[in-house]
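A.B. asks: These are the residues of each chain, in order.
There are 4 protein chains.
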Amino acid sequence: MRVIGIAALGTEAPEGLAAKARRMVNVLAEKCGGDFVLALGGYWGLMRVIVDEAIRRGIKVMLFPPIERESDYFPEEALVVKTGMGYRGRSVALVKTADILIAVGGEAGTIMEIVTAYLEGKPIFVLGGTGLSTDKMRVYEPHIDSRRFAELRFFESVEELASSVCSVVSTMKHRESF
Amino acid sequence: MRVIGIAALGTEAPEGLAAKARRMVNVLAEKCGGDFVLALGGYWGLMRVIVDEAIRRGIKVMLFPPIERESDYFPEEALVVKTGMGYRGRSVALVKTADILIAVGGEAGTIMEIVTAYLEGKPIFVLGGTGLSTDKMRVYEPHIDSRRFAELRFFESVEELASSVCSVVSTMKHRESF
Amino acid sequence: MRVIGIAALGTEAPEGLAAKARRMVNVLAEKCGGDFVLALGGYWGLMRVIVDEAIRRGIKVMLFPPIERESDYFPEEALVVKTGMGYRGRSVALVKTADILIAVGGEAGTIMEIVTAYLEGKPIFVLGGTGLSTDKMRVYEPHIDSRRFAELRFFESVEELASSVCSVVSTMKHRESF
Amino acid sequence: MRVIGIAALGTEAPEGLAAKARRMVNVLAEKCGGDFVLALGGYWGLMRVIVDEAIRRGIKVMLFPPIERESDYFPEEALVVKTGMGYRGRSVALVKTADILIAVGGEAGTIMEIVTAYLEGKPIFVLGGTGLSTDKMRVYEPHIDSRRFAELRFFESVEELASSVCSVVSTMKHRESF
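Protein chains in written order, with the working numbering: chain A, 1 to 178; chain B, 1 to 178; chain C, 1 to 178; chain D, 1 to 178.
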């Protein structure tokens, strides 16, 4: 099963970003087909907005809370993976489990997940123009280093970002049917 | 969503045990209701028998392969969690993610998962009389130490084991709807 | 550098056991030579008694606290490894880092470390007759399963246990000078 | 005991960089006092150059190899921590264990360690002008995001970098004697 990882703010999203995130989930629901799971790092801040919208749209959701928050409340529909690791380690597990990574704007935690995804060879789709720290990662587009492990692409439009993600995901589906 | 962890041999099962494991999956399918996931540590040995039967019966399956085998072939229906940890660490993540643990007989790896489950407060259901090393864990029934973190129960019949698991799982469902 | 892992109670030791643990450290100091490190899981309960005695005797100490207690006070002389994992995961790292494991009696956490050590091929030396849960692991002496990954030996005398550990450690020193 | 983490290339260093790394180790040996440990991620590439020079100067060394390379040869003087995690997870453990992080120029792996250090509140000292990908992280100087968890500073001179590290380390020593 394809896993789309989503790196997003663990805090309240700046105005407008939550709405964009919801629109993104809707495009994923319409264009990615039914056979995928969204993986996120918890159920708070902007991540919660995305999880709620995904569940409303019937998308499967998998959460990787850090050990410090494993006992939080999570919606009954979500599959909660308890890695036994803190914030950083669980981010590694989330990114490794994902086939591709969407970064809906974020701070250092999101940057760490972007770089980890690159190192693990996962294509990365970043929403730009958010006013958050991830915007500056544009200096690393399209490859973080000379080894070209994966492509890092920035999008100004969430709709375009989500459509591109679905194109790539559908390709993966075929590639793995060996 | 409820997660039933299954600790099972990573090697070929002794005669009879594979058949018992298949019967167990069928009882789980009939008595546990639809809203649960089976979590296993890989797709080889006795684990593979269980995964195949679960998929055949339409049960959701989540796999926690160790980092050394993350690139193995896994069935398209399975959700593969890549923790980035080796055999031991991924066993910890599997057990922590599970709400209860079934041990279908096994060797030291299964014993390690049983003791980990106890430490994490997960009820443990062990199939006895397998001729494997887990049989001797009976000296620790019903509590591994004086702290009584969880109950360790042995069963001679897989049918009875699976039925008991489903009773406990249905209780959990209600408890968590808070 | 050789690493001797020590699994010990995280709680106050029963009468007599603390004294035995101190005597054990002194035998290690006298018979193991200077070039080794003791690795423990924290600085509380019986572990603290052992750490304090080791530091008093000038033995190097490395601690693997779980993430929940990484900010505790630790003695300046100790090297504190912060794995970013909880109790179970840090136990895996401790055991893997050790060349051999001593279990000075303990509860389920110690049993988990013993089984992990076996799986990782580390010789295990257990102090018996402690009245704690590890005593019952005797049913698994000398090999936890049929694969014989490592030897599990019980000792009634701490002095004998520590002497045997030093014999094995000195052998390792030579073996690795390749 | 203070731990100075060093993020460095796992591959052969470009001309000049190895010499700079050796000079850095010598300044640390002269100015940091005896009571610290260097932590690195392995014993290959530029890391090996640094480890060899540190051992030659009598500096204590701790290595965090990824699980894939735990069985490599390591010098007898080094303390080898086996976390049981892959490249990314062991980087998290290395950075968390360190009190401060030096990045001697590197690629995406080093960037990941820099961002992780920031998130864990560890001061970061980066050697600039290396021609490697870490150079571009300058867009994030002095703070990777608005939360100011730690300071990120670039240096053109290794000597100045190492001196600054020693100043900060000596401060830590006093701060922690509570």
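Treat the hints with caution; some may be incorrect.
One copy or any two copies: either way a pair holds, since identical chains are not told apart in the list.
Calculated cross-link-like contacts (lysine to aspartate or glutamate; reagent style EDC-like; alpha-carbon spacing at most 20 Å) [as the list claims (entries may be wrong)]: (1) K60 - E76; (2) K20 - E53; (3) K31 - E160.
Worth flagging that the hints you see were computed from the coordinates, not collected in a lab.
A.B. asks: All hints, please: hold or fail.
C.D. replies: Structure-based check of all given hints:
1. K60 - E76: both (11 Å within a copy, 15 Å between copies)
2. K20 - E53: within (12 Å within a copy, 42 Å between copies)
3. K31 - E160: within (11 Å within a copy, 45 Å between copies)
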